[in-house]
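Visitor: Assemble the complex: chain A is given as a structure, and chain B must be docked to it using the hints.
This is what each chain is made of:
There are 2 protein chains.
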Amino acid sequence: MSLVVHKYGGSSVANAERILHVAKRIVAARDTGQQVVAVVSAMGDTTDELISLAYEVARQPDPRELDLLLSTGEVVSCTLVAMALRSLGYASISLTGAQAGIRTDTIHGRAQIAGVDAHRLKRELDEGKLVIVAGFQGTNDDMDVTTLGRGGSDTTAVAVAATLGATRCEVYTDVAGIYTADPRIVPDARKLDEVSYEEMLELASYGAKMHPRSIELAAVYNVPVYVASSFVEEPGTLIHGEAKTMEHRIKVTGIAHERGVAKVTVRGVRDQPGVAASLFEPLAAQGISVDTIVQNTGVEQLSDISFTVESRDLDKATELVQKSLGSLQAHLVTEDSLAKVSIVGAGMQNAPGYAARMFRALSDAGVNIDMITTSEIRITCIVHESAVEHSVQSLHRAFQLAQETSGSSH
Amino acid sequence: MSLVVHKYGGSSVANAERILHVAKRIVAARDTGQQVVAVVSAMGDTTDELISLAYEVARQPDPRELDLLLSTGEVVSCTLVAMALRSLGYASISLTGAQAGIRTDTIHGRAQIAGVDAHRLKRELDEGKLVIVAGFQGTNDDMDVTTLGRGGSDTTAVAVAATLGATRCEVYTDVAGIYTADPRIVPDARKLDEVSYEEMLELASYGAKMHPRSIELAAVYNVPVYVASSFVEEPGTLIHGEAKTMEHRIKVTGIAHERGVAKVTVRGVRDQPGVAASLFEPLAAQGISVDTIVQNTGVEQLSDISFTVESRDLDKATELVQKSLGSLQAHLVTEDSLAKVSIVGAGMQNAPGYAARMFRALSDAGVNIDMITTSEIRITCIVHESAVEHSVQSLHRAFQLAQETSGSSH
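So the sequence lines, in the order shown, correspond to chains A and B. Our numbering numbers the first residue of the first sequence as 107 and each following residue consecutively. Our numbering numbers the first residue of the second sequence as 107 and each following residue consecutively.
Bound conformation, chain A alone (with noise of 0.2 Å):
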């Protein structure tokens, strides 16, 4: 018998009703001949509602307690969903993130799985049973309970669906898959039949919000993810990483961006070994996620090195570089309310011509460029953030990304 798992959002379990018809969803693939496991986050806002508890009796809550608090979120979901299967005639078992044996790390708030010990998930499928499981959460070898962090319960579906060798691991959400722009941005924005992991990836960053971890999972155990709606019954999207995505490719697949970011330029730095690190390495022991970083050397062996930190993050980042200029005769300037903005594609690499059309589309959108970056498959601007919807409509127009013909995977 095949196995397939199932993915169901906060908002798709947000109510008794809501989570009634995920029963249904679960019922129907079982129907179908297949066993079903299903990953379920917390009811619609419950873990914020349980993190304003904590920030109400400590300013600072301790990361072990707030994990232990934020698991039981997930617990009551999944005892929910059993419940329901059970009324509607299925056996069903929920299990929580320490009884389907995901076992992590001791890094609370944003712990790694390490590893699933699959022997109660494989008896209770044995003994034909629907098998809820919390996502989110697993224990330590302390018996401890952590919590995944952002994307966790994506996380644990596709861990789970590795583990088991299931067919493909379904996600279901209050979005009806991976679109080429966002759908709010891009009214006429067209959804995918399919995408390559790594084009996922890049795109991550709106319509089905898929945290890149738990991509980057099932690219390594190539497990297949298909997204879709859990509100209505249209098909969805499939990420995998198949052939046929990657060769019949027209090469540009959607348009991605992303708010919030900030610049820091460290002006007039000596090009001498080891600077870069002693900029860097204060900002990754404090959890700081740099993301572009570009340097050029200019006059007189002096460089200008420049990398986007998230907004939010930026206080703190200039405090660390302002620490470590101490020595270098250097100075800093930093720069808010900046977007990224890009356009993805397998294969682009090895085709000239996109970064200029790219360029020349928002320069005839009036649009500055201040940074640029490129990877495999992704050509990035970084643009003022109130430039970023009329960056993505003109970049999506004009790599003709609404038709069919133009833009698709296949």
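There's no promise every hint is true.
Here are the computed distance ranges between Cβ atoms for each label pair [what the hints assert, rightly or not]: (1) A/Met249 x B/Asp211: 17 to 27 Å; (2) B/Val396 x A/Ile213: 48 to 58 Å; (3) B/Ser443 x A/Gly215: 50 to 60 Å; (4) A/Glu441 x B/Leu194: 39 to 49 Å; (5) B/Gly195 x A/Ile478: 48 to 58 Å.
Calculated from the model, a selection of chain A residues having no Cβ within reach of chain B, i.e. all distances over 12 Å [what the hints assert, rightly or not]: (6) Ser117; (7) Arg170; (8) Ala224; (9) Thr398; (10) Ser430; (11) Arg466.
Stretches of chain A that chain B covers, calculated by requiring three or more beta carbons in the stretch to come under 8 Å of a beta carbon on chain B [stated by the list, open to error]: (12) 155-164; (13) 173-180.
These are calculated hints, taken from the structure and not from any lab test. Because the structure is a prediction, the values reported are computed rather than measured. Just so you know, even glycine gets a beta-carbon here, dropped at the ideal spot from N, CA and C.
Guide: Quick look at chain B alone, frame taken from chain A:
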């Protein structure tokens, strides 16, 4: 270092403000040089809300799922108390029932504690931490979460106190101790300084509502239990087995009462072996608790058997007895809206005249007595529910319990 176990009920941890207050109480105990383990119930009405949610998704929620669902309530409150303690600068850790080593049988909804594996509890205490334990829950051998049913958190507290050899178990609730009668009925009811386990078992139906199972456990392991309010600073009542309680007794300690009693009478049962068994075995099998049983043998070897059950069990009990009567030539009479009124006091059995005084007081008050039963330390009359308040008030007056000199336990 001596160890004390605290227990805080749902009203004591109903919101952030109350939780911070509880944290301060725990800290105060710590600052007197004691180790503290605190067992907490779920916040306010959490358990009822979770039960409602379960009945929204399933007509008959699965007991195993319901237990896992309900267990989250105590996990939430114990993490919040631990966070509050840390915010006050005290090392603290919360433990779920599983983490605290509370091992139970597998009867979901009303599991019994099989034992406490105190390994983790001791380790955390040895590290100098204040340990907060989720009450009302444990795990069975399959790592499935069970709940302990009524009186569960009190029972957790007493079991932990017994296992760790605590000097005493302090149960904090919204009433200030054990009274000579329900203060809502008898305004001049007096709070007792101390009471024996045996008396407490009989008095358990009012005042600080401690479930008999926790008192029984305390008696077996000789754990002194101190019941007091977490809302006001005044002395509570010590429940213990000290000899002086027994010896200096002036006989009646208090008046207990219980509403919601129903009576089933089987008339004209031929007195032959096995009749009682055939009536009561089916009730036991369905988990219906039979309380008072009275049998009178009358003319021609025909007996009347009467027994009481909780009102909510009356329909089911009637149905089961009706079935059992199939082979017996007897008929059934039921009566609802009854209540029990008892006088309680150690050593009453050996002091004549108390029963007579009780019946006289009720008679003078115009209360009709339906049934009478007695135990070592209690005389109980079944009366009509409408006569409860009047009966309790009359008995409280008749035995002069409002005066320290007359009803005192020392």
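Visitor: Confirm or reject each hint.
Guide: We went through each hint and held it up to the structure:
no. : hint                            : verdict
1   : A/Met249 x B/Asp211: 17 to 27 Å : holds (21 Å)
2   : B/Val396 x A/Ile213: 48 to 58 Å : holds (55 Å)
3   : B/Ser443 x A/Gly215: 50 to 60 Å : holds (56 Å)
4   : A/Glu441 x B/Leu194: 39 to 49 Å : holds (42 Å)
5   : B/Gly195 x A/Ile478: 48 to 58 Å : holds (51 Å)
6   : Ser117                          : holds (17 Å)
7   : Arg170                          : violated (7 Å)
8   : Ala224                          : holds (15 Å)
9   : Thr398                          : holds (38 Å)
10  : Ser430                          : holds (32 Å)
11  : Arg466                          : holds (55 Å)
12  : 155-164                         : holds (count 6)
13  : 173-180                         : holds (count 4)
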